[in-house]
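Protein chains in written order, with the working numbering: chain A, 3 to 336; chain B, 513 to 677.
Treat the hints as calculated values from the structure; they're not laboratory data.
Even for Gly, the Cβ is constructed at its ideal location relative to N, Cα and C.
Be a bit skeptical, because a hint or two may be false.
Ranges between beta-carbon positions, derived for each pair [said to hold, decoys possible]:
(1) B:Gln650 x A:Gln237: 44 to 54 angstroms
(2) B:Gln645 x A:Ala275: 35 to 45 angstroms
(3) A:Val88 x B:Asn583: 49 to 59 angstroms
Computed far set for chain B versus chain A, every beta-carbon distance over 10 angstroms [what the hints assert, rightly or not]:
(4) Asn568
(5) Gly587
(6) Ala621
(7) Ile625
(8) Arg670
(9) Glu676
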Amino acid sequence: MTHFTFKEALWSVFRPVWRPLPAPGPEGFLARLAFALMALTMMWGLRFQFDSQDVPTGLAHFVDLTFLSKPGVMPWVTGIFAVLCVPYIFAQGLAVVLPLLTLIHCSVFAFFNSQGYKSHGNQIISLILLAQAAVVVFFAAHRWIKGRPFPLRAGRTRDSYLIYYSQVVIAGVYMTSVVSKLDVSNFRWIQNLPNMSVQLVKTHRQEFYSKPETSTVSRDAEVPAARWMIDHPHQTRLLLGSGLLLEALCFLVLANRGWALVLGVSITVMHIAIASLMRLYFDFNVYASLIFLVNAPFWIAWIIRRFADHQEAAAHPSQPPTRGPLEAPPVTRG
Amino acid sequence: MDLPVAVTTPPTAPPPAPRWRRLLLHPLMAVPLFIIITQQLGEKGYPFSNFPMYSNPSDWDDYIYLTDAQNQPIGIQTHVGMSSAKLNKVFNNTMKDFGLRQSAVKRNAPPEIESKVGAEVLAKARRWSENRQRPLPQPTRLHRVIIELQPDGRLTERTHFVAEG
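Could you put the whole structure together from the sequences, leaning on the hints where they help?
Written as structure tokens, this is what we have:
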């Protein structure tokens, strides 16, 4: 096995591929584990006070989902979801398990969003589940119709596709938001950005009135960031406009692990900044980004592998090292 | 004597698919497809959404809050089980049901229609709070605040009483 220089290793991480990458060893397992825990956390303890679906969306157009608000129903639904997460984590029966998980998640949050408001914090997780379900159903359908498994490219597994199409969803979510911003504002979004000071005051006031008894913001206090935006319109356009640029560049996460890492960290930082500035919290977007873009499961798997290599090298000092400093799995085109 | 020679045909690779077909079936094409679907479905097809939040920052916006009879603020999250922002979206959505769709109309909504909207939202909020065993006090007042960015750079907040119930 050849030695890799740092430059070569870096190139292997940033080489544009634009296709599913090999997902070696425990990466797929760790990604499924983290994602299942996140989806389950969203459902855990959820109880509905709603008894109607006045403004239906998604499945609520076709099914009366108000049964979800009946006493005792949600604990059962959450329990079934939790049980289904186990085979999902261990990649057993995915062609059945993933569509069921998707159906439950989409039903629960479609009902949640059918009350006259649209909450955009949950959709990314439902969409990732939907994309993963589509992948496994496609693979199963291919095997059933053509009588042979879907021909995977060299080194790829089903996990490669699950991770890739989860990244597609994350990229798509941010890029469609860019299209909406330009469309709704008639391409004047950046020009209108100093007006965001109004929304800043609004979100601060809303945080107070949600829980006045424990709120960390006061009722009528001036919001310094809003004042700064009014006084510095060009800097505001530059600062918030860079967020729009970041969202527009999200397709790069599909190029390779390197760009996914860079974009994933940037998106995480963007959401932390938005949370601190605007009091708007998109925690599940951050977690999804950490799992599928920053790709924490891959780096954890990589550290485990490197640690094993070091131990092996210590045990057999005469043998040359088998991996380079930053070696990623080969990204052959197959 | 010549030995029989096994005649084998050299393996031939299937002809590559046309370039346009390979481009169309490239995994990356899932992104534009996703954007087209989400833009077409808008907000009606959960889990899809075109994510239009803060897509047109305007020089005014509004929020609502609840108080008791002494005008002391009531925790919307605590009682109704949703953030103030969500209840505000319910209020704005109900405004649309009463024909107040345009931004300028909503900004200066006729008081009589606004109070009908407020009464409907208050009734919902009360029902939801009772379903969670955290009933709103009787009476509860709904107030609306219009925040405006004035041409001279001042941020002003106009508060007015909307409904009680």
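For B:Arg670, which was marked as not at the interface, is the minimum beta-carbon distance to chain A over 10 angstroms? Since the minimum Cβ distance to chain A is about 13 angstroms, B:Arg670 lies beyond 10 angstroms and the statement holds.
Given as non-interface: B:Glu676, partner chain A, CB spacing beyond 10 angstroms: Holds, because the least Cβ-Cβ distance between B:Glu676 and chain A comes to about 17 angstroms, which exceeds 10 angstroms.
Can you let me know if the beta-carbon spacing of B:Gln650 and A:Gln237 is within 44 to 54 angstroms? Given range 44 to 54 angstroms: holds, Cβ gap about 49 angstroms.
Between B:Gln645 and A:Ala275, does the beta-carbon spacing fit 35 to 45 angstroms? 38 angstroms, holds
Does the claim that B:Ile625 lies outside the interface with chain A hold up, using a Cβ gap greater than 10 angstroms? Non-interface label stands for B:Ile625: nearest chain A Cβ at 17 angstroms, farther than 10 angstroms.
May I ask you to check that B:Ala621 keeps its beta-carbon over 10 angstroms from the closest beta-carbon of chain A? 17 angstroms, holds
Supplied distance hint 49 to 59 angstroms, evaluated on CB atoms of A:Val88 and B:Asn583: 52 angstroms, holds
Checking a non-interface call: every C-beta of chain A should be farther than 10 angstroms from the C-beta of B:Gly587. Is that right? 5 angstroms, violated
Non-interface claim for B:Asn568, where every Cβ of chain A lies beyond 10 angstroms: The assertion about B:Asn568 is violated, with a minimum of 4 angstroms to chain A.
In this structure, the earlier hints numbered 4 and 5 are contradicted, and the remaining ones agree with it.
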